Amino acid sequence: MTGRTVPPEAVRLLRLDEESRLFLRLRATLVWETVRSMVAGSRLRVSLVVLLSGLFWAALYGLFVEAFGFLDALHADVISLLFNAFFSSLMVMLVFSTAILLYGGMYRSPEARLLLTLPVRAETVFAHKFREAMWFASWGFILLGSPMLVAYGVVKGSAWPYFVLLLPFMLAFVTIPAALGGIACITLVGWLPRLRLHALSIGITLACVVILWLGWSLLAQPRSDAMSAAWFERTFARLAFTEQKLFPSWWLSSGLMEAARTEREGRLSAAGLTEGIKFLALLFANALLLQLAAGWLARVAYRRGYSHLTGEVPARRRRRAGWFDRVVMEGGSAVGRPLRLLLVKDLRLFRRDISQWSQFLIFFGLLGLYFLNLRSFNYYNAYASMIGFLNLAVVGLILSTFTTRFVFPMISLEGRRFWILGLLPVHRDQIVWSKFLFSFLGGLIPCAVLVFLSDSMLGLSWRLIALHEFCCLLLCLGLSGIAVGLGARMPELRESSPAKISSGFGGTLCLVISSLYITVVVIVAAVPTHLFLLSRTLGPTVITPDGFLAWAGGPWGAAASLAIISLAGIAATAVPLRLGLQAFRRLEA
Amino acid sequence: MIEFDHVSRTYGPKVAVTDLSLAIPRGELFALLGPNGAGKTTSIKMLVGLLHPSRGAIRICGHDVVADPRSAHLHVGYVPDEPCLYDKLTGREFLWFIADMFGMPRHLARDRLDREIECFELGEFLDDLAESYSLGMKQRLVFAASLLHDPDVLVLDEPMVGLDPRSVRIVKDRLSDRTREGMTVFMSTHTLAMAEEMADRVGIMVRGQLRFLGTVMELRGQVAFEATSLEQLYLELTSPRGGGA
Chain A
950 MTGRTVPPEA
960 VRLLRLDEES
970 RLFLRLRATL
980 VWETVRSMVA
990 GSRLRVSLVV
1000 LLSGLFWAAL
1010 YGLFVEAFGF
1020 LDALHADVIS
1030 LLFNAFFSSL
1040 MVMLVFSTAI
1050 LLYGGMYRSP
1060 EARLLLTLPV
1070 RAETVFAHKF
1080 REAMWFASWG
1090 FILLGSPMLV
1100 AYGVVKGSAW
1110 PYFVLLLPFM
1120 LAFVTIPAAL
1130 GGIACITLVG
1140 WLPRLRLHAL
1150 SIGITLACVV
1160 ILWLGWSLLA
1170 QPRSDAMSAA
1180 WFERTFARLA
1190 FTEQKLFPSW
1200 WLSSGLMEAA
1210 RTEREGRLSA
1220 AGLTEGIKFL
1230 ALLFANALLL
1240 QLAAGWLARV
1250 AYRRGYSHLT
1260 GEVPARRRRR
1270 AGWFDRVVME
1280 GGSAVGRPLR
1290 LLLVKDLRLF
1300 RRDISQWSQF
1310 LIFFGLLGLY
1320 FLNLRSFNYY
1330 NAYASMIGFL
1340 NLAVVGLILS
1350 TFTTRFVFPM
1360 ISLEGRRFWI
1370 LGLLPVHRDQ
1380 IVWSKFLFSF
1390 LGGLIPCAVL
1400 VFLSDSMLGL
1410 SWRLIALHEF
1420 CCLLLCLGLS
1430 GIAVGLGARM
1440 PELRESSPAK
1450 ISSGFGGTLC
1460 LVISSLYITV
1470 VVIVAAVPTH
1480 LFLLSRTLGP
1490 TVITPDGFLA
1500 WAGGPWGAAA
1510 SLAIISLAGI
1520 AATAVPLRLG
1530 LQAFRRLEA
Chain B
1245 MIEFDHVSRT
1255 YGPKVAVTDL
1265 SLAIPRGELF
1275 ALLGPNGAGK
1285 TTSIKMLVGL
1295 LHPSRGAIRI
1305 CGHDVVADPR
1315 SAHLHVGYVP
1325 DEPCLYDKLT
1335 GREFLWFIAD
1345 MFGMPRHLAR
1355 DRLDREIECF
1365 ELGEFLDDLA
1375 ESYSLGMKQR
1385 LVFAASLLHD
1395 PDVLVLDEPM
1405 VGLDPRSVRI
1415 VKDRLSDRTR
1425 EGMTVFMSTH
1435 TLAMAEEMAD
1445 RVGIMVRGQL
1455 RFLGTVMELR
1465 GQVAFEATSL
1475 EQLYLELTSP
1485 RGGGA
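Residue numbers (the working numbering), protein chains in the order written: chain A, 950 to 1538; chain B, 1245 to 1489.
Since the hints were derived computationally from the structure, they do not count as laboratory data.
Small disclaimer: the values here were computed from a predicted structure and weren't measured.
One or more hints might be untrue.
Stated by the list, open to error - Part of the chain A face toward chain B, derived, beta carbon under 8 angstroms:
#, residue
1, Ala959
2, Val960
3, Leu971
4, Leu975
5, Arg976
6, Ser986
7, Pro1059
8, Leu1063
9, Val1249
10, Arg1253
11, Tyr1255
12, Ser1256
Said to hold, decoys possible - Think about it this way: if two alpha-carbon atoms lie no more than 30 angstroms apart in a straight line, the pair counts; the simulated BS3-like pairs of lysine-lysine are:
#, chain 1, residue 1, chain 2, residue 2
13, B, Lys1382, A, Lys1449
14, B, Lys1332, B, Lys1382
15, B, Lys1332, A, Lys1449
For every residue, glycine included, the Cβ atom is placed at its ideal position computed from N, Cα and C.
Make a model of the complete structure from these sequences and hints.
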């Protein structure tokens, strides 16, 4: 049969504007329901997120006010350069992140599979997923960029139109790299599906090389030279390439600086505002043009690209047990073999889950890069020690996000597969202990290396390094105990997504307790050392000789602090683990 | 209603569907049978436009699913093997979204919603968020959504997975009623008994090729000559050494 049939009664294809309205309504409903269920289901988490975001925003604002005040007084022309460097690097990151998010949303999500079987335009589906990807890629910029730009306006004494224009400026700007990311994503999948992974890895490698080269060339300079006029000049010369007039980042920074301009006595500069609005119009015009181009491309190539990807055969890789797995499995006594087998199973799952080890690598890698560059600056003894403790806290906090995100949900996910483990001759306690060992050993090795790296770069004494490593050991023990214990005590057996498990009440509680624990250990360990070093650097008169601070800075204070952090470590490890073991023994899957 | 015109599809070097030519007229319930990896899901994905044929063309009500997918989709309802819903929409909101997507007038959409809610017994959980639904609830909701616009063609990929016996009965009755009214159903299934009970014609696919195409009676006719039961004949046809009809 080849004759076309008229559509069923009262069914018709929607106009483009009707489709757009329908998807906007869908997005609004989804956002509303998500917020509503978050507020209803995880109040603690929402309150913490709002509170911490507010604190973070305020701290950044204060920092930027100080920084802009300093730069405005000494090096006013530096601000333009910094804006250009910041916005251009942000642009590159936004292109990549939007492209990756769109790839997941448009080609790999069940939602895309549903929408492509409905009578909807491909470009409408693209626009729907584009808005989502743009938001996820750029909310960080709104959160981090807004205090910076507000602080700039405040320092410059700008009039109200500058503050009103900030959001339109940011929206117009982020749309440009997001649309470029969309175009790159559709082009690669539509026409070069086999090259997409190569293109992505080459792009990311190039971006990393450029960033590393820039970072290295800026920081690998003589220590005595840092922050001098010559250092500033060399740094500016290296960053000058970001001031290209064809870059949207230049339009943004120029537009913002023009809009922020004031006449004498802080009066609004009409000429500056007009120039600012011209730059805004330029950004909007380009954003809209690129969005149109991306939409057209989606109409031409989205369905074809989707079909290409759906038709791809996943590469079959035969997995063999590695030498390390074999050593762990075969080494040791027969009694401990079930525990070791569970450990190897978790290790394999970790190795084969790219989302886990890639995040691990990125965060600890960035931290390592930062520690490697610590030598570029000179420190006073007491401040070097303080920075060492702060670095220890950062290592602990990053580890706590990993234990919350990846270790806390492990028992819940094991609970879903309980029928497998339940039939094996394995004691339930061994399951919990295997998670604890996995988390503790997996965290201890990179954290101890990072702490040692940080302390070596800071030139700290062996005694302080030993203290920091001891604190690191306690942190790894305690954080693993908290994550595994609470994970077993508060399992989410109905949930299959580890992200959702860790973002629930139990996960938030785990993160809060972990943060408190890190704060206690680092502060209690740092106080005696810091007071002792201060008294040696600045003389004993700074600290009251007979007071509590003098006692705290002496040998008894150090001994007391070691005792307190050891007790805190034992408590943070043993109490949650005990609670978790008891709960897991009673668990009915 | 549905026309596969010399359709082939390859996955790299592997041929998933080979030169499939098939016409399914109005009001017929067609069941596509075959073992895992036979090409059933590939055929269905091509039929609903998720996968483009490497060669040949597929038409639904005369509309080419690759060249004019929107017009083709206007005539189609689709129930995939894994139901996809928005977790943060209620069942009712999802049904309204689908009705709006097909441009149905509000009064008509309301009537159809009421009809499908009653038919698939969705009332109890319809105003809960879909994230709380069981697999069976999701599957019933997807069935209701796929029938909301009274499609000319209904495409079902393993439709009974996750349904309890009562829901299976409801679905079967509904499919029988709708095919009598002229709707064409293209269904892939592993369940021989279901095909036997419901299908007007069956196709048995093995390694991308249609080994048997005919009515259930014709299939039964072969049983009388070649095998002792329908199941034995099916196993014979789908075995690596099996011959075509």
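- Query: If you check each hint against the structure, which ones fail?
  - Reply: 5 and 9
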